[in-house]
Amino acid sequence: MSEIIKTDVVIIGAGPVGLFAVFELGLYDLKCHLIDILDRPGGQCAELYPEKPIYDIPAWPIISGHDLTEKLMEQIKPFAPQFHFNRMVTKLERQADGSFHVETDEAEVFEAKVVVIAAGGGSFQPKRPPVPGIEAYEGKSVFYSVRRMEEFCDQDILIVGGGDSALDWALNLQPIARSLTVVHRRAEFRAAPDSVKKMFELVESGSVRFELGQVSGLKGEDGQLTHATIKGTEGETDIPVTRLLPFFGLTMKLGPIADWGLNLHENLIPVSVETFETSEPGIFAIGDINTYPGKLKLILSGFHEAALMTQAAKHIVSPGERIVFQYTTSSTSLQKKLGVN
Amino acid sequence: MAKITFVTHDGARIETNAENGSTVMENAIRNAVPGIDAECGGACACATCHVYVDEEWTSTTGEPEAMEEDMLDFAYDVRPNSRLSCQIRVSDELDGLVVQVPERQA
Ligand SMILES: Cc1cc2nc3c(=O)[nH]c(=O)nc-3n(C[C@H](O)[C@H](O)[C@H](O)COP(=O)(O)OP(=O)(O)OC[C@H]3O[C@@H](n4cnc5c(N)ncnc54)[C@H](O)[C@@H]3O)c2cc1C
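Chains as they are written, first to last, in the working numbering: chain A, 5 to 345; chain B, 71 to 176.
These are calculated hints, taken from the structure and not from any lab test.
By construction, the Cβ of each residue, glycine as well, lies at the ideal position given by its N, Cα and C atoms.
Simulated coverage check for chain A against chain B, where a stretch passes if three residues somewhere in it have a Cβ under 8 Å from a Cβ of chain B:
#1 51-60
#2 185-197
#3 250-264
Whole structure, please, built from the sequences with the hints as guidance.
Right, here's the structure in full:
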């Protein structure tokens, strides 16, 4: 086990609401670590609609999901939040002294006085394509990401999809593969034009095979894939395949949150509307993941929840300390924290 | 106004009266058509309102635009008559439209 990382607050989820919580907590001197399974901040705004306009962020008549994330990152910079991306929070446990241990799938352990769950609709996980029996091959022959290149050495690799992940991995794995086939349902690709051009150069030279169609079946035994059936314009054909990499985007799944002993209501975490604390004292839930009478899944509601949650969180981290309500406009002490004075 | 019929995977027919200017997806949600999830609320960002447009109607509903084609890459069992129902806007022309709901969305 690696060394324990100690902090005031661990925020699970670096979506817009988790990000803004850093600001509110920071005004009260609470230091934050954020953990997200994505490789960058922004949650749904970054993953699902970076280019789309949002019209209901107060004082921003129009802002894209990407720009909102950038602005939040700029706003919280003075508080030096620590980010841990590409990690799933798997465990959350209260310790004898009342603090919490938060563990990730990379075996890191965080110790925090307060935990804020800002997990939105759950963690982003790869979509499983609609191929019958695919589950049986997952982890042995079917992978949704490449963590270890060795797994793909001298293999007959099949990559399905037309986005950047699909083509980037086709280009990266081709040199070490025994054979590499790309299957996509149409001739147009979402991936960067340069990658598409490079791939078709490899198709021309015979190093990569491209098939128009969809994977309709898998053959093999004990999790070891031997063939895949490709349904193309001219019917079905079987090709030898020992490794399958489907890239069908991400979907949100509640994930490990269900195992943390919290009260749940239809996959959402009920909270107090005064403090946004869950059924477990010291664990708060804000943003899309929580529920209470009248809840709206809006970014602005999440921002409000972050401000109120902070008051209660501060009482836990600094018991007995008097909390002074101040405006950022006029308080010199808050301005010092923001680095503007 | 247009009458739009949704045929669910098990063959049930659900008839709806759709306002001009609304989307086919919105009418599915308003009428609780099973099998239309519409997770993203109509932003063409999720591919969970996928339908098959009845062959007779494909020329009237037209072809998906580039962004919709990109999202269809994520849909289940895509066919030539696949569309995302949030991208089909209702008009008098579509009176009588029939769409089929796929077996599952994602
Ligand atoms: C297409 C679309 C359009 C929208 N338009 C608007 C709009 O116009 N206005 C508006 O107010 N809202 C809009 N929304 C909703 C808005 O995006 C959400 O309300 C907002 O993203 C919620 O923020 P959040 O921080 O609570 O959660 P999210 O943005 O969902 O972020 C949660 C993060 O937590 C991570 N996570 C969860 N569990 C774990 C775990 N166990 N380990 C590691 N990481 C984990 C996830 O990977 C994710 O990155 C829209 C949503 C969509 C999909």
